[in-house]
Each structure stands twice: as structure tokens, then as C-alpha cells.
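Peer 1: Sequence:
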Amino acid sequence: MQVRVVLRDEPGELARVGRALERSSVDVRDLQLRHAPYGGGGVLTLSVRPGEA
60 MQVRVVLRDE PGELARVGRA LERSSVDVRD LQLRHAPYGG GGVLTLSVRP GEA
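Using the numbering used here, read the sequence shown as starting at 60 and increasing by one per residue.
By construction, these hints were calculated from the structure, which means they are not laboratory data.
Where is the CB? At the ideal position from N, CA and C, for every residue including glycine.
Accuracy of the hints is not assured; some may be wrong.
[To be verified] Have a look at the derived ranges for each label pair, beta carbon to beta carbon: (1) 84 <-> 61: 16 to 22 Å; (2) 70 <-> 108: 27 to 33 Å; (3) 108 <-> 68: 27 to 33 Å; (4) 60 <-> 99: 14 to 20 Å.
Required output: the full structure, derived from the provided sequences and hints.
Peer 2: What follows is the structure, given as C-alpha cells:
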């Protein structure tokens, strides 16, 4: 299963997502970070086990 998270271009944004993942105990199998084409922020795509998103 894939989960997409839109990130703002701000300090600590990726850390905020990491803390949420830690609290939820989700097993992240893979991840991909892509910058937004318009220059600010991006999209984080996480692959997790089904039933854990």
C-alpha cells in the first residue's frame, strides 16, 4: 500500500512526518521524496504494509 504526504517547504516538515510515523509504529518498506515542480515543498510517498496506513 502507498501513502502520499504533501510537504511544505519549511524547516522541520520532514521531521514532523517522521515523528508521526514513529508514534504510529507503521512499518515503512520504502520511501520516495519528490520535489514539487513549482519550486516549493514536495511529495513524500511511503510504501507500508497493508492495514498499517
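Peer 1: A range of 27 to 33 Å was offered for this pair. Does it hold for the Cβ distance of residue 108 and residue 68?
Peer 2: holds, 30 Å
Peer 1: For the pair residue 60 and residue 99, does the Cβ-Cβ distance stay inside 14 to 20 Å?
Peer 2: violated, 27 Å
Peer 1: Falls inside 27 to 33 Å, the C-beta gap from residue 70 to residue 108?
Peer 2: holds, 31 Å
Peer 1: I want to verify a distance hint. Is the separation of the beta carbons of residue 84 and residue 61 within 16 to 22 Å?
Peer 2: For residue 84 and residue 61 the Cβ distance comes to about 18 Å; the hint holds.
Violated hints amount to a single one, hint 4; each of the other numbered hints is respected by the structure.
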